[in-house]
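In order, the protein sequence lines correspond to chains W and Y.
Each residue of the first sequence is one higher than the one before, counting from 382 in the numbering used here.
Each residue of the second sequence is one higher than the one before, counting from -11 in the numbering used here.
Just so you know, these hints were derived from the structure itself, not from any lab.
Just so we're clear, the structure is a prediction, and the values are computed from it rather than from any experiment.
Wrong hints could be hidden among the right ones.
[Claimed, not checked] Taking lysine to aspartate or glutamate pairs in the EDC-like style, the calculated list, with each CA pair at most 20 Å apart, reads:
1. Y:Lys218 x Y:Asp191
2. W:Lys649 x Y:Asp38
3. W:Lys492 x W:Glu719
4. W:Lys429 x W:Glu707
5. W:Lys728 x Y:Asp284
6. Y:Lys27 x W:Glu680
7. Y:Lys27 x W:Asp652
8. W:Lys649 x W:Glu659
9. W:Lys689 x W:Glu405
10. W:Lys689 x W:Asp700
11. Y:Lys295 x W:Glu713
12. W:Lys674 x W:Glu405
13. Y:Lys295 x W:Glu719
14. Y:Lys34 x W:Asp652
15. W:Lys627 x W:Glu727
16. Y:Lys295 x Y:Glu167
17. W:Lys492 x W:Glu659
18. W:Lys696 x W:Glu708
19. Y:Lys310 x Y:Glu214
20. W:Lys664 x W:Asp652
21. Y:Lys34 x Y:Asp0
22. W:Lys406 x W:Glu680
23. W:Lys492 x Y:Asp284
24. Y:Lys295 x W:Glu714
25. W:Lys406 x W:Glu708
26. Y:Lys295 x W:Asp720
27. Y:Lys182 x Y:Asp231
28. W:Lys406 x W:Glu679
29. W:Lys649 x Y:Asp43
Here is what each chain is made of, one letter per residue.
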Amino acid sequence: MTNMEQAEESHAADPINASLSAEEKIGLYRDMVRIRRFEQTTLSIYQKGKIGGFLHLYIGQESLAVGAVSLLGDTDHVITAYRDHGHALAVGMSMNECMAELYGKATGCSKGKGGSMHYFAPDKNFWGGHGIVAGQTPLGAGLAFALKYRKVPGAVLCFLGDGAINQGAFHEALNLASLWDLPVIYVIENNGYSMGTSQLRSTAHPQGGLAQRAEGYGIAWDIFPGADVYTMRACTQKAIDRAYKKSRPTILEVVTYRYQGHSVADSKHKDGYRTKEEIEAQKTLNDPIARFKKILIEEGVLAEEQSKEIQAAAKLEVDLAVKFAEESPFPEEAAITEDVYYEVDEKTEAGRTGRHFFN
Amino acid sequence: MPKLTYRQALNDAFSEEIERDENVFLMGEEVAQYDGAYKVTQGLWKKYGDYRVVDAPISEAGFIGLGVGASMLGLRPVMELMFWSFAYVAFDQLINNAGNIRYMSGGLIHCPIVIRGPANGGTNVGATHSHTPENFIANTPGLKVCCPATAADAKGLMKTAIRDNDPVYVMENTLLYGEEWEVPEGEHLVPLGKADVKREGSDITFVAHGRAVITSLQAADILEAERGIKAEVVDLRSIRPLDADTVLNSVKKTNRVVLVEENKPFCGVGAQLASMIQLEAFDHLDAPIQRVSSIDAPAIYSPPLEKVQLPSPADVVAAAEKIL
Ligand SMILES: Cc1ncc(C[n+]2csc(CCOP(=O)(O)OP(=O)(O)O)c2C)c(N)n1
Ligand SMILES: [Mg+2]
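Whole structure, please, built from the sequences with the hints as guidance.
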């Protein structure tokens, strides 16, 4: 059996999933529903011109962030790329602060300074939200280095796209992670495309998959389909155990699919680099939310009625977040030059010494 | 003269140069099958195929370096950075390799490469995607850099850049791609190192490059309409080499100057110009040189605030009024 086939088997009985209470299972479902509803709404708001810049949607990939993040404890950390709304909500950031950030409001998680691609919540061990492809991957190694340096048992989940694996920074980070035994887990969210480019056209890799490149660095790796949240949890837990017990890195390649275009403006995502039929097939076969709902209903954990309530609650939560964002103020003009230098903001001696700004 | 978008003018420049010289090829992320993230290379892959128009993986250090290497052997790569902001991933190739190889080889090697793409703020894409590194590039002897403000200049400068035997870095602007200007028909070349007086005037000079030229022209219209003041607008077009004479002559004529750019102030293009003007035209200045640039902070996302951060016509008018 290949890794992929093995992974296709049900992981419901794996200890990490069997130990979940009914409430916890419903929590996983609820989080995926909340993420999807949040993003569906952001898309329509974007189309009304209330959000600027880019909007990279995670719809179709929800089980990855929710499954992986659900395994983390207080000393574990998360960092990701620009497709970050799912991870942000999964780590517990509020819809209000996330929505307000998209509106560029002062009440946003980054005070309206970062936008969609740059969410941060260090209080939730969430270190961004990074706009430059693979720019976060050495940072992930750095977070793991800091844990190890401080002798804190913990693991770092560093998410990246399948296109990001071709950046030099990622390869340098892999070497460091292996050389120095860093407890970092690189989660390649393989949705098949980097913008309008399929893997075949962008990536030379061993037969086993993208993650098999790990062997060149002596790093453990795994590849599995990500639509089933139980599979995501079971396979990620093995990597977390490795980080905790051996302080060793892992590369996970998780096969997934994005339903929307790369960003909102993506002229060719339905009849260019991929087809409508392909998208529809993925939606019917591999939708993480529909799948998990079916499983939970079969397990007798969730009733159709309750699922509707969860949907309705998510919709209400998003609607309130929109209202919150709409009613929030924009930042003051003076905010433009705040948060540039710590020393200046904190009015320290260092911040008062020398000229820091030149307008 | 036909009107063309800035985007189409660039596209025409690529077609013409691809047909003119078999060493010219285009490479970058999404430039071929996707027609370019901003559609600047639309239709070129269909027309010229994989050999001349090449999609690269997301590996800026790798493919930009590859372009520099290929240029050492005499090819004329035209490399697209989807955003100039992504150049920072490839800085060693851009600065250390392309910038120094000729010098360090004692002139044995040269790099006829073009590296191009948009470099601008104003589209709410946040600090990581809004860099304007023309000053970094101009700070590197061995490199040339230009920032066209109109479709005609975009075409003429691009064609010249491709034929130039040194590395030329062309910084475009996503906000200008869809704008139209008249573009001369037939062979149209704009030399590097030649500024263009986009508006004649006698009372004050605005020196600008890139989209700041458009801002300066709007400011000049306001000053004329409201106060009858005639501002001259000098479009640098090329930053290095720099047309010092046109700048100095304009200052000598108007005796007042405002330097306008969308870059940050510290060590910006305006800083070099100010130094040059006070040194070479000190006696002609009737007032201190004024500078207008972006507010000195990383690019803010918040859409209304980003507007404030970038220079507006009102900012240029206000700077002019200080010295009128
Ligand atoms: C250094 C750099 N190069 C290019 C880009 C533009 N860009 C943003 S996302 C992207 C595609 C990335 O694809 P992948 O890593 O597969 O992630 P996905 O978008 O599929 O989640 C590109 C080319 C960028 N942001 N940074
Ligand atoms: Mg991808």
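Hints and how they fare:
1. Y:Lys218 x Y:Asp191: 5 Å, holds
2. W:Lys649 x Y:Asp38: 19 Å, holds
3. W:Lys492 x W:Glu719: 11 Å, holds
4. W:Lys429 x W:Glu707: 13 Å, holds
5. W:Lys728 x Y:Asp284: With Cα atoms ~18 Å apart, W:Lys728 and Y:Asp284 stay inside 20 Å; holds.
6. Y:Lys27 x W:Glu680: Outside the cut-off at roughly 50 Å; violated.
7. Y:Lys27 x W:Asp652: 16 Å, holds
8. W:Lys649 x W:Glu659: Since the Cα atoms of W:Lys649 and W:Glu659 sit roughly 13 Å apart, the hinted pair holds (cutoff 20 Å).
9. W:Lys689 x W:Glu405: 18 Å, holds
10. W:Lys689 x W:Asp700: Distance ~16 Å between W:Lys689 and W:Asp700 Cα, so the pair holds.
11. Y:Lys295 x W:Glu713: Satisfied, since the Cα-Cα distance of roughly 13 Å is no more than 20 Å.
12. W:Lys674 x W:Glu405: 14 Å, holds
13. Y:Lys295 x W:Glu719: With Cα atoms ~17 Å apart, Y:Lys295 and W:Glu719 stay inside 20 Å; holds.
14. Y:Lys34 x W:Asp652: Distance ~16 Å between Y:Lys34 and W:Asp652 Cα, so the pair holds.
15. W:Lys627 x W:Glu727: 40 Å, violated
16. Y:Lys295 x Y:Glu167: 19 Å, holds
17. W:Lys492 x W:Glu659: This hinted pair is violated, its Cα atoms lying about 39 Å apart.
18. W:Lys696 x W:Glu708: 18 Å, holds
19. Y:Lys310 x Y:Glu214: 15 Å, holds
20. W:Lys664 x W:Asp652: OK: W:Lys664 and W:Asp652 at ~17 Å, within 20 Å.
21. Y:Lys34 x Y:Asp0: It holds: about 14 Å lies between the C-alpha atoms, which stays within 20 Å.
22. W:Lys406 x W:Glu680: Distance of about 10 Å is within 20 Å: holds.
23. W:Lys492 x Y:Asp284: Since the Cα atoms of W:Lys492 and Y:Asp284 sit roughly 18 Å apart, the hinted pair holds (cutoff 20 Å).
24. Y:Lys295 x W:Glu714: Roughly 10 Å separates the two Cα atoms, so the pair holds.
25. W:Lys406 x W:Glu708: 35 Å, violated
26. Y:Lys295 x W:Asp720: Since the Cα atoms of Y:Lys295 and W:Asp720 sit roughly 19 Å apart, the hinted pair holds (cutoff 20 Å).
27. Y:Lys182 x Y:Asp231: 5 Å, holds
28. W:Lys406 x W:Glu679: 13 Å, holds
29. W:Lys649 x Y:Asp43: Measuring from Cα to Cα gives roughly 15 Å; hence the hint holds.
In terms of the numbered hints stated before, the structure departs from hints 6, 15, 17 and 25, listed from lowest to highest.
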